[in-house]
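Student: So you can see what is in the structure, the chains are spelled out below.
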Amino acid sequence: MQTRNVIRYLNRIDRRVLYTLLIIAITIPFFFTIQIRVPISRQTEQLYKVVEALPQNSFVLFGADWSASTRGENRAQSKALLIHLMRKKIHFIILCFDPQAKTLMQEMVTGMQKEYGYTDGVDWANFGYRTDQVNFLKGFGPDIPTTLSMDINGKRVQDLPVMRGIHTAHDITMLINVSGSTTTETYIDYLQGSYNLKMVAAVTSVMIPEMINRLDSGQLVGMMPGLQGAIEYEQKLGYIGKASAASVSASVAHLLIIALILLGNIYTLIEKRMSSSVRGRN
Amino acid sequence: MFSNLFHPLHGSSWYIAILGCFALAGILIAILQSLPHALRRPLIRIVTFLGGLYYAVEYFWPTHSMPIPGSPKHMGNFLTPFISPAANMLSVIAGWTIGLGTINLCQIHGKRLLHAKEGKLNSLVFFIAMIAMFTLAVLKQAHPNLINKNLYMLLFEGLYQALDSTMFALVAFFLVSASYRAFRVRTGEATLLMVIAMVVMLGQIALGQQLTIHLPDHGFWHNFRVEIIRDWILTKASSASVRAIAFGIGIGNLAVALRVWLGLERGAFFDS
Amino acid sequence: MEHASPLVRIMVPLFSTCIVVMIQTARWKQIKIRRIHGLTAIEEAIGRATEMGRPMVCTTGLGTARAGIEIVTLQALSIITYIVRSSAKFATKAVLPVFDPQMLPVTQEAVREAYNLEGRPDLYNTEDIRFLTNNQFSYAAAVAGLIWREKAGATFMFGNYYAESLIIAESGNQVGAIQIAGTPATMQIPFFIATCDYVIIGDEFYAASAYLSKEPTALGSLVGQDIAKGLLLIIVILGSAAITFSQMAGSSLGKTILDLFS
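Residue numbers (our numbering), protein chains in the order written: chain A, 1 to 282; chain B, 1 to 272; chain C, 1 to 262.
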């Protein structure tokens, strides 16, 4: 009788119960500082080596195409990559095809620049949000100064020391794209391929299987796979950031999903067995 | 001639050019609106064909050295110099269509408010939100003082970004209920799918990786680490199918593009 | 590539010729295609919504607002147009939320034409084809809200989808709508499978309009696509074999082949 009641409950389990369990699973671990060392994946290792090998004063185009929605993964990825670039004194410019990324990136870099001795306009610049990525990139590749025109502070490209000597996409040492959407593929199709650019990407977990093909084909020379990639990169940099802090929380949430799937299946199996035993008695 | 036409303008000529463009666009729209339906279709087909032809010829035509400032090795053909102006033109056209969308939204919500239909409160919220965001964005740009900036940031960061994150976070909740419902071991394939999903999930998380972290870094047993199995599933098994589907999708895109470009497409919108 | 490589100069015209030739052939030769379950269920879904007296919600996905109107979205619209035509026979209301403002006039025109072709121009209502927003999650929230408010009897999701797919499809599932989805976005297929009644996967999406309309152009194009895919498969097999054997033999042929493709 008791088993039957449990089965009946499992069958009719309200989705709000599941949602509450998830909230608890995600929130509780944030109150504890647990540091877990993780094995570094092949992709992250490759990405770290590529960035590490950049010569000082290289010029990097940092395509930030994420918004508050994918902040959980992309923010930690952006920060880890920026720390690496700034430690190596590499010049970079930010370009966004998502309107929210402009502000999010500006806040992040402004908060970091003092620590690494960076100056806006001299070592880095934010060119903000641009629309229509395909058509923008078609114009950007052959003529960067005209297409970019001015940064978000209204300073003309000609007046920005960081842009000195940068005319076409051939002058870009490396393209980094942190994205939660299709912008990485558009960058590959319309900029990386055309100018044979060295390109790396930091993508959300769900994008990994698609991006792995781009990595295998050599179009990408490095990739940071999701939040796990950010945790690994932070570990490589010897820095505990947001990704490492969220690591346990993400783990517990995944384990909850696994537990629920198992629970659902236990219910299915018991139900199947009970119905077959009833049929057998008949 | 064309290079002068696409040269950046400054001062009064810039204003004249803008006004001229508005006037020209107005005349063109009026002409198009007055055209009989039977004439519109061939016109759309001709413009579509010419637009596609330009990009196709530019892409396939043999290239030669075409140095530009800062890039002596730049390659191109006789159509390449127009790529950038064409890109700008398309961006402007795309930008204008947002106006169409806004008009449509205002029409629908306006009618609902005026006729006090069901959902009028939602429509009122729409107008308040749109006017508030628009006004503050203009004010912040025109008078960037602390109040205007903070008010704008309150709406943009405090509300819009927070709502955006919340919606994305809903995916996690829906995932829980969907996976509870969907991952049932009913057939052999479903069982295989469930086991693979679990291994990938375990290999993707720090706690899951701890289960097999004690296995050696090299050798035969190394292959049984969850992150290694996950990596194999993602990079070999899964990516092979993704590639196969991508081939089909690429060819499918080419076919639909050809049908639209050459006016071969049939259907309610394309032809009757 | 900024401009076509020698191999692309051969392959794209070759594939294009296959497609165009088969389109022309299909105009005089009858072509049959296999049954696609998700598509045969369209009538069932329309019938169910009609019986329940509830509207249908049809979406053409996100496309990418970064690249103008997408081919995938046009293909999705052509499927949705067929659904609207079929539903016109029963006067079932179809609501089409639009993501990309550029698609708004195109969608309006397509739906108006569909009703006209079925002799029911009176069914066309401007309020049913509405632009919502071109922000991904605002769109997801708006469509989910629409599904809940309208208590959709059937939902049809065709086109390009990203993370919002689950939000929309799970909302449809929760109101008990019969759901059919079709997308070339491989990463969203698992979410649709978990929440929808029928899913058209990968390049089946491109077969959909041919299957539904039985129109010679679409059928011919489908056969042309299959021939092109066959050619591509042969190239992949030959290329892989050549590279493998040349590497085993220590020859530079493999590198030459790779260079040809890059």
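No wet-lab data here; the hints were simulated from the structure.
Even glycine gets a Cβ: it sits at the ideal position worked out from N, Cα and C.
Some hints could be false.
[Claimed, not checked] If you want the ones that stay clear, here's a sample from chain A, every Cβ over 12 Å from chain C, calculated: (1) Pro55; (2) Gly193; (3) Ile266.
[Stated by the list, open to error] Distance ranges between label pairs, derived from CB positions: (4) Thr110/A - Asn125/C: 24 to 30 Å; (5) Pro13/C - Ile36/A: 33 to 39 Å; (6) Cys106/B - Leu7/C: 17 to 23 Å; (7) Thr146/A - His218/B: 32 to 38 Å.
[As the list claims (entries may be wrong)] No more than 30 Å apart at the CA atoms, straight line, and that leaves these computed lysine-lysine pairs for DSSO-like: (8) Lys198/A - Lys49/A; (9) Lys151/C - Lys120/B; (10) Lys114/A - Lys117/B; (11) Lys255/C - Lys214/C; (12) Lys32/C - Lys255/C; (13) Lys111/B - Lys151/C; (14) Lys140/B - Lys155/A; (15) Lys117/B - Lys89/C; (16) Lys229/C - Lys236/B; (17) Lys255/C - Lys236/B; (18) Lys120/B - Lys242/A; (19) Lys120/B - Lys93/C; (20) Lys111/B - Lys32/C.
Student: Out of the numbered hints, which ones does the structure contradict?
Tutor: Violated hints (numbers, rising): 2, 4, 5, 6, 7, 10, 11, 12, 18 and 20; every other hint is consistent with the structure.
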